[in-house]
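When you get a sec, could you build the whole thing from the sequences and use the hints?
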Amino acid sequence: MKLLYFAWIRERVGKPEEEIELPASVATVGDLIHWLKKRGEEYAHAFDNPKVVRAALDKVHVGPAAKIANAREIAFFPPMTGG
Amino acid sequence: MSVRITEAPIDVAAETAALAHAGSNTGALVTFTGICRREEDGVPIAALVLEHYAGMAEAEIERHVEEAQKRWPLLGVRIVHRVGRIKPGETIVFVATASAHREPAFAAAEFLMDYLKTRAPFWKKVERADGTHWVAAKKTDDAAAARWKKPREAAE
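Line by line, the protein sequences give chains A and B. Residue numbering for the first sequence follows the numbering used here, beginning at 1 and increasing consecutively. Residue numbering for the second sequence follows the numbering used here, beginning at 84 and increasing consecutively.
These aren't lab readings, by the way, just hints derived from the structure by calculation. A portion of the hints provided could be inaccurate.
Pairs of lysine-lysine residues, derived as DSS-like cross-links and limited to a Cα-Cα distance of at most 30 Å, are as follows [what the hints assert, rightly or not]: (1) B:K153 / B:K170; (2) A:K2 / B:K233; (3) B:K208 / B:K221; (4) B:K153 / B:K233; (5) A:K2 / A:K67; (6) A:K67 / B:K222; (7) A:K2 / A:K15; (8) A:K37 / B:K208; (9) A:K37 / A:K67; (10) B:K208 / A:K38; (11) A:K37 / B:K233; (12) B:K153 / A:K37; (13) A:K59 / B:K153; (14) A:K67 / B:K221; (15) B:K221 / A:K15.
Listed next, the stretches of chain A that the computed footprint assigns to chain B, with coverage defined by at least 3 CB atoms under 8 Å from CB atoms of chain B [as the list claims (entries may be wrong)]: (16) 3-11; (17) 14-28.
Note that the coordinates shown come from a computational prediction; the quantities given were computed from them, not determined experimentally. For each residue, glycine too, the CB sits at the ideal point set by N, CA and C.
This is the structure in structure tokens:
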């Protein structure tokens with residue numbers, strides 16, 4: 001699955017995107033964040049404050065309870081500041 | 084509708100002219116121009132750098148234009164959002180709505196800007212002489228967007 005990171009979340013993780021094989025135990029967006037935090041310091045730092053982490057599955061905003069299912073990509077980013 | 088994301092400077096007059104003849108009976112054309120300010124907390128801004136999620140940004144804006152078209156009788160909508168490096172005084176975003184009458188045109192333009200501020204995947208970084216930092220999302224923007232929620236949505 002393709003993971004994308006934006007803004008300061010991208011800076012903390014250290015890369016804009018990556019391809020990861022997700023374990024079967026990761027079913028929801030929240031599960032994935034929990035699993036990513038254990039991958040390394042940079043991930044723990046990026047996902048440290050859940051209140052400022054937003055996600056999109058296949059380019060649609062979702063909450064932490066959303067099931068990943070067969071989504072092709074997931075993006076993580078801070079609250080948006082466009083406009 | 085026309086929704087465009089560009090790294091090039093936005094020509095507000097040209098974009099306005101493009102929408103002016105949207106429908107055969109346009110009586111009202113409302114435009115909003117978002118401009119890069121010159122200072123923040125009294126410190127001069129050197130530049131804003133706008134990052135975006137290509138693909139999702141266009142799709143998300145289009146979803147909100149469709150929502151606006153359901154809520155109000157619009158004859159046309161034109162949105163241009165700039166990304167990349169933007170200097171003070173330059174245009175960041177342009178939102179224009181056309182309708183037969185002014186009430187829908189004003190309301191739709193405000194609705195679209197409130198949603199653009201909170202739901203469209205763009206992120207601003209400010210470069211100043213004293214350093215660079217990411218702009219934080221504002222609670223007032225979330226509150227502005229929330230007031231457009233329909234009762235069913237507000238209950239979710």
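Hints versus structure:
1. Among the hinted pairs, K153 of chain B with K170 of chain B is inconsistent with the structure: their alpha-carbon atoms are about 36 Å apart, more than 30 Å.
2. Proximity of K2 of chain A to K233 of chain B is assessed by CA-CA distance (about 34 Å); at most 30 Å being required, the pair is judged violated.
3. Taken as a hint, the K208 of chain B and K221 of chain B pair is honoured in the structure, with Cα atoms around 14 Å apart against an allowance of 30 Å.
4. A distance of roughly 13 Å separates the Cα atoms of K153 of chain B and K233 of chain B; the hinted pair therefore holds under the 30 Å criterion.
5. At roughly 15 Å between alpha-carbon atoms, K2 of chain A and K67 of chain A fall within 30 Å of each other, so this suggested pair holds.
6. About 28 Å separates the Cα atoms of K67 of chain A and K222 of chain B, which keeps this hinted pair within 30 Å; it holds.
7. Proximity of K2 of chain A to K15 of chain A is assessed by CA-CA distance (about 12 Å); at most 30 Å being required, the pair is judged to hold.
8. A threshold of 30 Å between alpha carbons decides the hint, and for K37 of chain A with K208 of chain B the separation of about 25 Å falls inside it, so the pair holds.
9. Proximity of K37 of chain A to K67 of chain A is assessed by CA-CA distance (about 18 Å); at most 30 Å being required, the pair is judged to hold.
10. Restraint check for K208 of chain B and K38 of chain A: satisfied, since their Cα atoms lie roughly 28 Å apart, inside the 30 Å limit.
11. Distance check on the hinted pair: K37 of chain A and K233 of chain B sit about 36 Å apart at the alpha-carbon level, beyond 30 Å; violated.
12. Straight-line distance between C-alpha atoms of K153 of chain B and K37 of chain A comes to about 41 Å, which puts the hinted pair past the 30 Å bound.
13. For the given pair, K59 of chain A sits about 22 Å from K153 of chain B by alpha-carbon distance, which is consistent with the 30 Å threshold.
14. With a C-alpha separation of about 29 Å, the suggested pairing of K67 of chain A with K221 of chain B holds against the 30 Å cut-off.
15. Between K221 of chain B and K15 of chain A the CA atoms are separated by roughly 26 Å; this keeps the pair inside 30 Å, and the hint holds.
16. Under a criterion of three residues with beta carbons nearer than 8 Å to beta carbons of chain B, the stated coverage of the stretch 3-11 of chain A is upheld, 4 such residues being counted.
17. A count of 0 residues in the stretch 14-28 of chain A with a Cβ less than 8 Å from any Cβ of chain B is obtained; the coverage claim is therefore unmet, three being the minimum.
Hints 1, 2, 11, 12, 17 from the list above are not met by this structure, while the remaining hints are.
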